[in-house]
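Colleague: Residue-level listing of the chains:
There are 2 protein chains.
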Amino acid sequence: MTAQRDYAALVQQGLSLDLTRGKPSPRQLDLSNVMLKLPTSYRAADGSDGRNYGNLQGLRELRELFAPLVQVPAEQLVVGGNSSLTLMHDTIVHALLAPLPGAARRWVEEPEITFLCPVPGYDRHFTICERFGIKMVPVPMTATGPDMDVVEGLVATDPSVKGIWCVPKYSNPTGVVYSDETVRRLAAMPTAAPDFRIFWDNAYAVHHLTDTPAELADLLAISAGQGHPDRVFVYASTSKVTLAGAGVSFFGSSPANVEWFLHQTSKQSIGPDKLNQLRHVEFLGDAAGVAAHMRRHAELVGPKFELVDKVLTDRLGGLAEWTSPKGGYFVSLEVPHAAEVVARAKAAGIALTPAGATHPYGTDPADRTIRIAPTYPELDELERAITGLAVCVRLVAEERA
Amino acid sequence: MTAQRDYAALVQQGLSLDLTRGKPSPRQLDLSNVMLKLPTSYRAADGSDGRNYGNLQGLRELRELFAPLVQVPAEQLVVGGNSSLTLMHDTIVHALLAPLPGAARRWVEEPEITFLCPVPGYDRHFTICERFGIKMVPVPMTATGPDMDVVEGLVATDPSVKGIWCVPKYSNPTGVVYSDETVRRLAAMPTAAPDFRIFWDNAYAVHHLTDTPAELADLLAISAGQGHPDRVFVYASTSKVTLAGAGVSFFGSSPANVEWFLHQTSKQSIGPDKLNQLRHVEFLGDAAGVAAHMRRHAELVGPKFELVDKVLTDRLGGLAEWTSPKGGYFVSLEVPHAAEVVARAKAAGIALTPAGATHPYGTDPADRTIRIAPTYPELDELERAITGLAVCVRLVAEERA
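Those protein sequences? They're chains A and B, same order as listed.
Counting in our numbering, the first sequence runs from 80 upward without gaps.
Counting in our numbering, the second sequence runs from 80 upward without gaps.
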């Protein structure tokens, strides 16, 4: 009955801790505080006035800065507002209401649209699909990315499969990096739908926690080489590079897709906030500047991931499984009766992402996955939270034994 | 043949002048340059960290600042990104893909959607409708707003009429301010569609050019008083208050509509750029600060409108008609054979908004309206451009006589 005693003591502490969302901590945001006084000039590299309307695609100097980091040629990159989620949402809206290159019709006219959802995955991807009545089919994640045998089988035979969500580097929430073989198969696979698209949410492209950054194969280029130039939509943002609410976002794709995207966007906007783009160029400078800045993030975030791993090892060795990502923002914990564990943690003042959130429709059939977001709390709070979470896992295991 | 000689001389000058878009001039943008060094603090009034994610509705202090200016209670106001056009576009997208309060179904499921378009009007409104296959029916503008007999007749009998575009103050391009009677009738009129909406694009709410600002009746409140609380969508922005590409936008409506809008937006965004919101609060201060700032704009813009009026009077008295707005960004010039005049001006190096752009589908059946945007060029350039335009009007009149 140790676990019950520990849990009673935990509740007694009256904690109020939050491990729900992947938010940068205040100390991480402090790294970019100088941006509040930028840009020093409103003049873009081409001499244009960054204060006025215009330039739907975004400043060339910012596109050139991020092109190598997100693996998209600068001329095929579009700079958006403060949220890549908006770009993903709006791409699907555009595809629903205007035919994609290669599409027979608008998606809204299709009898059914299906997206493949590697699980565990990112709840906000799933929410977009659910909103638009897009059917979601889960695909198991492996240590090298989604199970490609399953993916290839589904896309080859079902013409309603129009998309797949991928967070290819330091995946949310497992931390998995897609292998070269996975990327090659995604690029090469035949698809029944001529307008099939890979939503390549490279949210953690530069968010390394070690000195040996993961390498990701260049899906856009490899797909083009395989005769599928229009297959890939690349997304990225600086939300977790500079300031979470005041970053810039990127959309990248083939020339035909970019033309299609900008055509839709031209009805929606007279141009992005170019002062924020100049702010980013001036602050980050170049690719080396981004790398140096991300190392400072890693100095703050890395110890938190190490702490999670240590506490889980000490407290749950043998009772549960979890990932040890080399980058990104999340740890995925696999335990029996995950929903009950989350409920017990909540009752003890530890807020976790709802169990099931990592799966389509909020339903984790195995009831096993808990997403841990360790970045926001400071180390002492994080230690209390993960220690408390471990108490809850042990309690549920003991009660269900 | 004076006109032909004048035109030959005009072409000889080799001008390159642009009267196409309603852009603030660099000197207007200079008025807000201090914003490039703001905000001095990232802390919002409620203590929250403006740098991080969250706060979908926008900072309360900014909503309170603009509430009286756009005639929407602060709790019913939403702050968007840098473009109210995006808010309008996205509202229509949301209504197409998710049922509005009071709607029987999503607009995309309707056999036909019709919007009333007071003409002359704003081309970007029409472009949104055209993009989504929304049928546009022109309604003549009068000196007090759209012809309300026509509007009332159409909305009462045709359930496909779901919307009307209105720029109620210093209308684009006529400068007309809707009368109290027009507003009252818009608020009170019975509509066949239960989900009819007025798209109230109050783009020039505070953009006065005289010391006697136009008063606009409060459509949102009056509609609620008439039993139509959900009828009105209010839009506004600071694009022509602070910085054209880096302003903030506003959406305001009834509590039910705002809840609906935020529900849709919650799938699209994790929150707006609150640093830009803080930048605006700190720079503008309060309603008096906005008024003082807008007087500085008027000092720059007012002489341009006076110049346009003077040149047109001197050169075209009796040959044409034009408006003399007391605010806003445009002058509407009515001449015979407008398309030919625009073509002749273009050949002489004077770029004008395409003839017809002020009408749905780019077609002005009377071929009469030319929109003049006098804000961007400085006075000497503007004088050359309007003088040249007058030469073109005279030339076409002479040739067609």
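Think of the hints as simulated: they come from the structure by calculation, not from any bench.
Hints may contain errors.
[Stated by the list, open to error] Derived DSS-like pairs: lysine-lysine, alpha-carbon spacing no greater than 30 Å straight-line:
no., chain 1, residue 1, chain 2, residue 2
1, A, Lys214, A, Lys346
2, A, Lys425, B, Lys346
3, B, Lys389, B, Lys425
4, A, Lys346, B, Lys425
5, B, Lys405, B, Lys425
6, B, Lys346, A, Lys214
7, B, Lys389, A, Lys346
8, B, Lys116, B, Lys214
9, A, Lys425, A, Lys389
10, B, Lys346, A, Lys346
11, A, Lys405, B, Lys116
12, B, Lys214, A, Lys346
13, A, Lys405, A, Lys389
14, A, Lys405, A, Lys425
15, A, Lys116, B, Lys405
16, B, Lys405, B, Lys389
[To be verified] A partial selection of chain B residues facing chain A, derived with a Cβ cut-off under 10 Å:
no., residue
17, Leu108
18, Pro118
19, Gln155
20, Val157
21, Val172
22, Arg184
23, Val187
24, Ile207
25, Phe211
26, Thr223
27, Thr321
28, Lys353
29, Arg358
[Unchecked claim] Listed next, the stretches of chain B that the computed footprint assigns to chain A, with coverage defined by at least 3 CB atoms under 8 Å from CB atoms of chain A:
no., stretch
30, 121–133
31, 158–168
32, 233–240
33, 362–369
34, 379–385
35, 406–413
Predicted model only: the values in this text are computed from it and were never measured.
We put the beta carbon where it would ideally sit given N, CA and C, even for glycine.
Colleague: Confirm or reject each hint.
Modeller: Structure-based check of each hint:
1. A/Lys214 - A/Lys346: Given that 30 Å is the threshold and the Cα spacing comes to 28 Å, the pair holds.
2. A/Lys425 - B/Lys346: holds, 25 Å
3. B/Lys389 - B/Lys425: holds, 22 Å
4. A/Lys346 - B/Lys425: Measuring from Cα to Cα gives roughly 25 Å; hence the hint holds.
5. B/Lys405 - B/Lys425: Holds, at about 28 Å.
6. B/Lys346 - A/Lys214: holds, 16 Å
7. B/Lys389 - A/Lys346: violated, 35 Å
8. B/Lys116 - B/Lys214: violated, 46 Å
9. A/Lys425 - A/Lys389: Satisfied, since the Cα-Cα distance of roughly 22 Å is no more than 30 Å.
10. B/Lys346 - A/Lys346: holds, 21 Å
11. A/Lys405 - B/Lys116: Not satisfied, since the Cα-Cα distance of roughly 37 Å exceeds 30 Å.
12. B/Lys214 - A/Lys346: At roughly 16 Å apart (the allowed maximum being 30 Å), A/Lys346 and B/Lys214 satisfy the hint.
13. A/Lys405 - A/Lys389: holds, 15 Å
14. A/Lys405 - A/Lys425: holds, 28 Å
15. A/Lys116 - B/Lys405: Status violated; Cα separation ~37 Å.
16. B/Lys405 - B/Lys389: holds, 15 Å
17. Leu108: holds, 4 Å
18. Pro118: holds, 6 Å
19. Gln155: At 23 Å from the nearest chain A Cβ, B/Gln155 fails the 10 Å test, so the hint is violated.
20. Val157: violated, 15 Å
21. Val172: OK, holds: B/Val172 within 10 Å of chain A, min 5 Å.
22. Arg184: At about 13 Å, which exceeds the 10 Å cut-off, the nearest Cβ of chain A leaves the hint on B/Arg184 violated.
23. Val187: holds, 6 Å
24. Ile207: holds, 6 Å
25. Phe211: holds, 6 Å
26. Thr223: violated, 29 Å
27. Thr321: Holds, about 9 Å.
28. Lys353: Because about 5 Å separates B/Lys353 from the closest Cβ in chain A, which is inside the 10 Å limit, the hint holds.
29. Arg358: holds, 9 Å
30. 121–133: Holds, because 7 residues of the stretch 121–133 of chain B bring their Cβ atoms closer than 8 Å to Cβ atoms of chain A.
31. 158–168: holds (count 6)
32. 233–240: With 0 residues close enough to chain A, the hint is violated.
33. 362–369: Contact hint for the stretch 362–369 of chain B vs chain A: violated, 0 residues under 8 Å.
34. 379–385: The restraint on the stretch 379–385 of chain B is violated, since only 0 of its residues have a Cβ under 8 Å from chain A and three are required.
35. 406–413: Not satisfied, violated; 0 residues make the cut.
Going through the hint list in order, the structure does not satisfy hints 7, 8, 11, 15, 19, 20, 22, 26, 32, 33, 34, 35.
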